[in-house]
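Two chains, two frames, a set of hints: combine them into the complex.
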Amino acid sequence: MKKDYLNRIYGITFILIFLFLTFSEYERILNPVPDFVASERYIDYSILLYLSRWIIYLLLLIAGVAIFFKSKRVNLFLLIFSVTVLLEIYFNNAIYIIKSLTGYPKYILFGLSILCLVVVGFNLLKTKKTSFIEIFLSFILAITIVYLPNALITFYF
Amino acid sequence: MKIAYYNKTSFLISILFIFFSCNNKVIEKPEMTAEKWEVDIENLIKTLESKHINLYHSISKDEVKQEVDRLLHQLPKLSNDEIFISLSKIIRSLDDSHTGIWAQSEFYESYPLDFFVFDEAEIRVIRAPKNNPELLGAKLLRIDNTSLEDITRKVESVIQCADNWYSKSERLARYMRYARILKILGVSKNESSANFEFLLENGSPKTVKLNAISEVEYSASLGNPIVLESPFHFDKSLIGTPYLWYQTIEEHATGYIYFAGYPNALQMRRFSVALSRDIIQRGTKNIIIDVRDNGGGNFFVGLELVKLLAITDQINWETGVYVIAGRHTYSAGMSNTAHFKELLNAKIVGEPTGANPNDYQDAEMFQLENSKLWVQFSKRYYRFQDSVSNGIIPDVHIKPNWNDLKNGIDLNILWILEDIKRTESQ
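Protein chains in written order, with our numbering: chain Z, 1 to 157; chain L, 1 to 426.
Pulled out of the complex, with its shape left as it was, chain L reads as follows (with noise of 0.2 Å):
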């Protein structure tokens, strides 16, 4: 049994999330005015421009300083919220796969919805609040009346860090649900609250008040995840740690490694040759390399399981590699699914990666002095591929769909295994 991927927060994001909380501990809110925020906006276009390995590479500089001009312009009549979603606008602008702005957690109330983007029509809530378990899998049609096609157009404007449709689809899911952001984009009329209005399962229509709640509250407002059936689970493995863990079955002789999650450098060369070891014991002739959930960290440490994965004879590396990659699939997550797919001859299974393999990435950060907002700018150009495309396109592309989720089926590990006695019986 595996926790479904699809609710799963890209690891980035978490990680700035648990970044924040513990931050504003320490930091207080500071009170901003015109001034300060002038300060602020100019300092971050010049960090960016001195710093970014290569800031305009989607939009002209003339054109990000007309609508910086017209932010400054404006700063006496917007609230906080309403620049900081100006910034957000204007670093989305830029296009980059590793360049984004962000709140202190406080901004970020939530309503207690977890939406999955099936397609741009589809968008279904796949954890649905305590209080209201009939909503699983019911559609969005309106917020507050307004339309679907608006309020994805109106929200996509916002998201940070995305690189293609999947990347996209997965920060639209998590946006849709922050209330403050919803208010100042003029979907949602307050920011406390909001009618939801569904197409439940049963195809009746259904409209939901639902008031926000903190960051903090949200996993709790809500119902149990989907679970899918697998017969790969941490509780299972032979070793690891959560975010990164191994098992096998032996029916198949197949060995399942699970890596959400980047240790040191140390820590995975102790885990790869301890799982190396188990394959060599036990025989393993096939790997799957689950990266689902791997939001990025460092690929160089990706590399040192590589390394131990190629030295080792007895895998079938002519067909017995499998990895599975999604739309959380991104950063170093996505790196080292290309280099699963160069040096263990893998066959990638499932979505593509949230993020192109040939795009800006190596992510720094700082924060501005006054309003405390925190930026992250790509400091390095990767190229993993030689041609481009929008993310790295699987061998078998399985795309998710409602019926399969609602009913635990994981596509993925199901059709991997039966490739797996396909080639077992020939």
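Chain Z on its own, in the form it takes in the complex (with noise of 0.2 Å):
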């Protein structure tokens, strides 16, 4: 019983970061300056440029909502979760001149990414419960999110 108050509170908080960074990142990107009316072109750079902060945020909602709902699969999306920040993360620091991820929105998801692989790595050692399968299936769909935007960038021009 208190083991599913327990993972309320961590998937309610989730998904209250989720909110939190979505809406910030709207104000903060597609709405920028007061009566500024983003064009379609200012929308699809938009997209290009931050494709793959928005999948992360997505990330962290269906891992938010897999905790509350004790999933069966929460290992699974926490791990994909994880895996992408810090991929995206790395991506950020070693390779990007511009950067997609910054600020405390950074900050924030890599301390839930690393909190995120703890839990994993313990259910892995207690439990058992993550295969290897799905820790291979993190990192090909990390990597597809994360090269997901710089592939349209060079499909789109």
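FYI, nobody ran anything at the bench for these hints, they're computed from the structure. We put the CB at the ideal spot given by N, CA and C, even for glycine. There may be inaccurate statements among the hints.
[Unchecked claim] Selected chain Z positions facing chain L (in silico; Cβ < 8 Å):
| # | residue |
| --- | --- |
| 1 | Phe36 |
| 2 | Arg41 |
| 3 | Tyr45 |
| 4 | Ser46 |
| 5 | Leu48 |
| 6 | Leu49 |
| 7 | Tyr90 |
| 8 | Asn92 |
| 9 | Asn93 |
| 10 | Tyr96 |
| 11 | Ile97 |
| 12 | Ile98 |
| 13 | Asn150 |
| 14 | Ile153 |
| 15 | Phe155 |
[Unchecked claim] Derived lysine-lysine pairs resembling BS3-like cross-links, with alpha carbons at most 25 Å apart:
| # | chain 1 | residue 1 | chain 2 | residue 2 |
| --- | --- | --- | --- | --- |
| 16 | L | Lys307 | L | Lys285 |
| 17 | L | Lys154 | L | Lys130 |
| 18 | L | Lys421 | L | Lys379 |
| 19 | L | Lys399 | L | Lys379 |
| 20 | Z | Lys99 | L | Lys89 |
| 21 | Z | Lys106 | L | Lys65 |
| 22 | L | Lys154 | L | Lys206 |
| 23 | L | Lys307 | Z | Lys99 |
[Claimed, not checked] Not close to chain Z: a few residues of chain L, all C-beta gaps over 12 Å, as computed:
| # | residue |
| --- | --- |
| 24 | Asp69 |
| 25 | Ala265 |
| 26 | Gln267 |
| 27 | Ser276 |
| 28 | Thr312 |
Here it is in structure tokens:
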């Protein structure tokens, strides 16, 4: 019973963080100055630059919902989320001139991804509920998500 | 504020030096013999003949062969440095913008001076040694009693990869401080020190004995560079990295792109998307692209920037695009300047580019087996203009002068901002 409450609290926390990041993102990226009407091209360019970041937010939401409802695949979702965040941060620090993840969202996501990795690691050791295929799948998905905006930019232009 | 572009080294040469420095750690200095030199020289000519697109475009094969034979004949009598300088002269005689030969970095011991060639008779110190700040702005008169005319004539015979007066002047200013080159050419009497005679700014002559230092110590031995006043500076940039960044000034709806080097194509695409997005958001109408420090790279990467800018409608495509070029603008930097002019209807401001628009380009390198000298050669011929000219001739030619430079006035930026104001008021 106590475990259920804890799951709900963790799940809601993840969802609240998702909502906070999404709203602040909307203000910062799509509505940067009052009276600015984003043109179609402006929105396209924003998508091309920040798509991986928005997918990471979506993964955060999915992870939150999975925790909340105690999904059987919660470890998989947590793993996909944390590996994607860490890979995105690596790309930002080591490769990108134009960063896709900066400021406080980067630190919040980094903290959450480390937390998720610890939880997944613990589950893996304790309950053996995470399979090798899930780990492999997480890495493939993470690479795809992080590279997607770059592939789209190349395709688009 | 912007660091004076005059004292920045060209991208190409910097890369070569960094490359050599890295290699020094693993390459031991070879013990050269006349036989080993013979093998290297034959290999050099054979490789250039087989790989260069058109090696003898400016000089006949016979003339080069005569010089090579003469050198081979003299090998036992010459020192390694003398052989290298002789080879430099032979390669220089090919008169090719991307074909050159370089020694390992320790060869390039340097006097602590940074020169700028305003014209043949006006070569000034634009960065003085820390111990002799009074030399700032001084005109060079003689080195160890060798006249300025003789110095320039001799040094010009060994500079590598130059195309026209502007790139020659840029290379000349650099080669004139290399101690071993000055010694071998007979400009100075020994290779570790020389007496430099100057005419100071106050009109009085001054002779200073300077000691050669390693290329690694060079920058630290000099005083602060002249800083040009400009509203654009990397510290205020919105996006980018030190060699490629973007800034705006709201007052004149103007964006400034500092483009001194090339990232990979993906990076450039991301940069161009981010900058176009900012242009749309801020309603930027005028664009200044500064390629003064662009010594080259991959011009196809520069085309990514062109592509993204060209589809941004709100820019003033009739009069609002400016490119600042100069003597350091070389190789791909020149090619992209031509692209900006043709595809973006850009007005070129500044000096003609160091590289010619119709010339041999696209370099590849190899190392000679015994001497470990590095050789570069051209693989392609590019034509960016219908007419032949020495550099891309600017629409507004702004000649650098010492008075404005010493006062930190960036004449190019000043002219462009005035032109934008003029256009706005019409």
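Checked hints:
no., hint, verdict
1, Phe36, "holds (7 Å)"
2, Arg41, "holds (6 Å)"
3, Tyr45, "holds (4 Å)"
4, Ser46, "holds (7 Å)"
5, Leu48, "holds (5 Å)"
6, Leu49, "holds (6 Å)"
7, Tyr90, "violated (15 Å)"
8, Asn92, "violated (11 Å)"
9, Asn93, "violated (13 Å)"
10, Tyr96, "holds (7 Å)"
11, Ile97, "holds (5 Å)"
12, Ile98, "holds (4 Å)"
13, Asn150, "holds (6 Å)"
14, Ile153, "holds (5 Å)"
15, Phe155, "violated (11 Å)"
16, L:Lys307 with L:Lys285, "holds (17 Å)"
17, L:Lys154 with L:Lys130, "violated (28 Å)"
18, L:Lys421 with L:Lys379, "violated (44 Å)"
19, L:Lys399 with L:Lys379, "violated (33 Å)"
20, Z:Lys99 with L:Lys89, "violated (47 Å)"
21, Z:Lys106 with L:Lys65, "violated (64 Å)"
22, L:Lys154 with L:Lys206, "holds (23 Å)"
23, L:Lys307 with Z:Lys99, "holds (21 Å)"
24, Asp69, "holds (51 Å)"
25, Ala265, "violated (8 Å)"
26, Gln267, "violated (5 Å)"
27, Ser276, "violated (6 Å)"
28, Thr312, "violated (8 Å)"
Consistency with the previously given hints fails for numbers 7, 8, 9, 15, 17, 18, 19, 20, 21, 25, 26, 27 and 28, ordered from lowest to highest.
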